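Asks: Single-letter residue listing:
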Amino acid sequence: MSDVRMFDSRPATAVDAESPLAVSNLAERARRSAADPGVTLRERAFLGHLILRGGAIVLDEAVREVLGVSLPARPGALVHDADGERSIQWLSPDEWLLIVPEGEAYTLEKRLRDALGDAHFAIVDVSGGQTLVELSGPRAREVLMKSTPYDVHPRHFPAGKGVTTTFAKATAIVRRPDEELWELVLRRSFADYCYRWLVDAGEEYGLAVEESGR
Amino acid sequence: MSQSSSQPNRLAQGGRVDRTRKLTFTFNGKRYTGHPGDTLASALLANGVDVVNRSFKYSRPRGIVAAGAEEPNAVVQLGASEAAQVPNVRATQQALYDGLEARSTNGWPNVQRDLMGSVGKLGGSFMPPGFYYKTFMAPASMWMTYEKYIRKSAGLGRSPVESDPDIYDHLNQHCDVLVIGAGPAGLSAALAAAYSGARVILCDEQETMGGSLLDSRETLDDAEATRWADAVIDELASLDNVTLLARTTANGYHDHNFVTLHERRTEHLADVAPRVDGRRQSRSRLHRVRAAQVVLATGAHERPLVYANNDVPGNLLAGAVSTYIRRYGVAPGQKLVLSTSNDHGYRAALDWHEAGREVVAIADARDNPDGEWVEQARAAGIRIITGSAVIEAKGDKRVSAARVARIDIDGFRVAGKAEELACDTIASSGGYSPVVHLSSHTGTRPVWRDDILGFVPGDVTGLTPAGGAHGVYALDAVLEDGVAAGNRAAEAGGFPAASVNLPRASAHRESPAVALYQVPHEKPTLRAPKQFVDLQNDVTAAGIDVATREGFESIEHVKRYTAMGFGTDQGKLGNINGMAIAARCLGQTIPETGTTVFRPNYTPVTFGAIVGRHCRELFDPERYTALHQWHVEHGAEFEDVGQWKRPWYFPRTVNGKKESMHEAVARECLAVRQGVGILDASTLGKIDIQGPDAREFLGRIYTNKWAKLAPGRVRYGLMCKDDGMLMDDGTTSCLGDNHFLMTTTTGGAAGVLEWLEIWHQTEWPELEVYFNSVTDHWATMTVTGPEARQLLAEITDIDLDKEAFKFMDWKEGNVAGVPARVFRISFTGELAFEINVQANYAMHVWKTLFEHGEKYDLTPYGTETMHVLRAEKGLIIVGQDTDGSVTPEDLGMYWAIGYDKPFPWIGKRALSRPDTRRVDRKQLVGLRPHDPGVVLEEGAQIVFDPEQSIPMTMVGHVTSSYYSPVLDSGFALAVVKGGHHRMGETVYLPMVDGKVHAAEIVSTVFYDPKGERQHV
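So the protein lines, in turn, are chains A and B.
Take the first sequence: its position 164, counting from 1, is numbered 164 in full-length UniProt numbering, and each next residue is one higher.
Take the second sequence: its position 698, counting from 1, is numbered 698 in full-length UniProt numbering, and each next residue is one higher.
It is worth saying that the hints were derived from the structure and are not from the lab.
All values reported here derive from a predicted model rather than from experimental measurement.
Misleading hints may appear alongside valid ones.
To be verified - No farther apart than 20 angstroms at their CA atoms in a straight line, the calculated lysine to any residue pairs in the SDA-like style are these: (1) B/K847 to A/A12; (2) A/K161 to B/K847; (3) A/K169 to B/I167; (4) A/K169 to B/K847; (5) B/K708 to A/A14.
Sequences and hints are given; from them, build the entire structure.
Replies: Put into structure tokens, the structure is as follows:
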């Protein structure tokens, strides 16, 4: 849709950046990681996060053209592109979350806007407003069971699913990109609370924190 | 059989205890030993401890009665240290561990001789039912004094006064079939459901799963029943669709099959959870289970018979006697008299006899019992007195004899001369009561069945009772009932029924039971020695009789008048007997009398388990801005705004002394008025609005006009609810013709987004517009003060010239090398730039501002200074100066109301109501205290006439009040009736301390009334 003011929020030359979990002192946690962890946490900071709004029929063709995957129309569906670097997740009947590698969000938004032309849709960059935390390890599911009332049993939560749900006393997006991995998309202002919750809930299983790579 | 000298009642063999290992424990300060496999109760009985408590009301000595959750007396206070104290633990449910320390909860100063003893000994006439209500409630002012002593001597356990060293947690569980109880019915139900493929959770409150099989005389496939139980438990444990939870009590059954399970994870190990590999583990865990189907296999509680002095230590349930002998290898006495109304009670006599102890006699209420166990007892040479019952126990701190007499049940009278039999133990059995408590939690009343003389669960959607809970008692039938229930539950979830190979149960012939609850005495109930119905709450048959005579005919009233079934007991042992007695007294049937409501929790749950990890630093989310760490490092004091932590003020340390809040705020205010200050405004709600109808939508939501706001411009707007009352305010910027950025108050952000969505989705879906929260994406830094332009100019490529970048304009550019949107809006009345950058880069920009700001003495300020500065300018804060009853007109903001807009906006119609047109509405004004040194109290009431007698006519109140450093006086905003037309008048504020402040009604703008400073 025209007459929307796009904004590339990334500086042209590198400056110090701080992810939502910068305040949480992950480096210190990483040093105190358990030797044989039952659950491992790792932040994937600075990824590009875009919210895509519109009717599924309107958006599908543009998404296929730009990302090479069909728009997931089934509630809770999560799909990745061919090299697994870019994902698109159903959030609500007219809302999807795109997560792409660092620095790609603005270009992707532009390409989608070009492809969508005058259709009625909205794209919003929320890269600074949320971060992604990975949970892995044999006890990761139990940590989630302590944290969310949503049923995370494999029968109910297979790989390729993601939901927005209650997490402790906050909200998070819980995703399962594959059998071995869980992802949490945390809102910036709640990220430290959620992270401290995870560390506390994971303690009994032996918790490891891996420092984020960019 | 020989017996261990240190544990006089411990049998030489039998039971599931490990006699090769000794555990030491203390009870009321005295040391004892027991064995692994013991409960605290079995160990106390093994050691011959008769008195474990004093009763609640009469302070009578009490001993152990039962072996499970229904135990009313052996309720102890656990914990070796102050911090580890746990009240209300049933000794029958507490596994013994080495070093366990327990005390009686009741009976201060001690159980053998206590203060209330003298009161209780005075007898029934001194403390009739309703005693507390009648005696201690008047005068009401004394109740607090009475209560302190009654509570202390009645003893309901006590909370620790030190912080709990343990952690607790919750686990959210989901399953197709939740099976509650792992006795024969639960095990077979779990097997069937598991084989069907359903996700199954099987929980059991005991240390070991197996339920009644653990002490059964019966065999399965010609072997001890426990062999089958152990095999099934192993089998279930091997299936990955089954979760087994031992030591886990289903405590609450809530709507939609939401069941809370309390798992005691380390209570059997120590009083403080031991670490595992150096890591803490939760002491207990609350499982929050969402079950599609529930199988209630909670079994049945044996009913004791109600006879005189049935509370003297040594009176036990018949089934408990069997359990102590067969499961724990403890015979709790030497000489037994059994009083029973049914065949099952005979097990106690047979087990007692086989343990080598003397069975003095069996008093059987039936005339011609001839069941298989009866015959076995006869064959063993045990004396059976038919048509009789124990009518009275003798003894003080231990049973010394039983008085047995022939009884006429229908006539409720003693029909023969009583015979006194010397004994130290009386076991009684009045039949079984299915454990219907959980099904009753849903509000469903249980249903009486005459054929089993008990209540069974009423219909609950998604609930299938099985086995004893279903009124099915014969072992082979119980197993089959379990399979049927498991299959029914699984099939309801779409799983195919499974076939289960059940073991062959040893069948035995049974003679029918007789209905007996209260046993008659030679004296009428009111004059007979006390016949206890509810041992925990000291409710007697006479008490119920009195209650019905005093007009309490509803069983719910009887309950409340007598306290029957109250508290932690929840009527497990006594309720059915109590109802039967009430029914008899009222001349009606038991089903006509009905039951009281059993409430959660089934047994007490510690607060720790309820709280889980929602405590201490995880009690509530703390929301941080991207600049939080800087604020912490620079000594900010924080204020909670919703869940946000916002800097309140930044005290400096001057000459080694930290500034007070007043000093810091005064300094911060002057810095903004005279130099330059900076505020972290990131918490403001921000909503991105896109779509060709965005502008139209804004026009309907806001009271003012949006049609002509050009890209690059910003406008302040007011939002009303449909009642015309202000709900939020903020600025909205036009980013592009079809693109706006709305800001909201910090606290209103989520509510406003929801408000927009509701109106869009329900009323105006035809408008093409989308709303998205970008609150967390942007960080917002407000640089404000006369020197703001000079400072910002040093690090931005944006032209800040006053003509190029006007007040209420916004511009894009780089600030400190980071792409930024800068908004020239002001909440301070000074020149101000609100810099918005993507939050990941905010710290860099903030720090760069301070590098360049050093020469300007750039001063960080917090919410308190922000409040003073905005109030000096008469700028409102929604929720402080408004309270949901204030219209834009009440605020005098006529300039922000577009009555002539083409489409009516939300709240417009309400503003034409007579009430909103009243001229004497409370209106926002400024108040200048006559004494400039006075800072009025926020919330202080305002009157026009201070001489009026109380109650005075209150005409408004102070909404905001501060000391203004720049004016060097106090000043306030207030709402006053008709205030807009009372400029210059004096109002009065009578204070609690008797002082009356006078203040002049003035304009809300106290500083720079022409607004020149923000336009420079």
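Asks: For which of the previously enumerated hints does the structure constitute a violation, in increasing order of number?
Replies: Those not satisfied are hints 2, 4 and 5.
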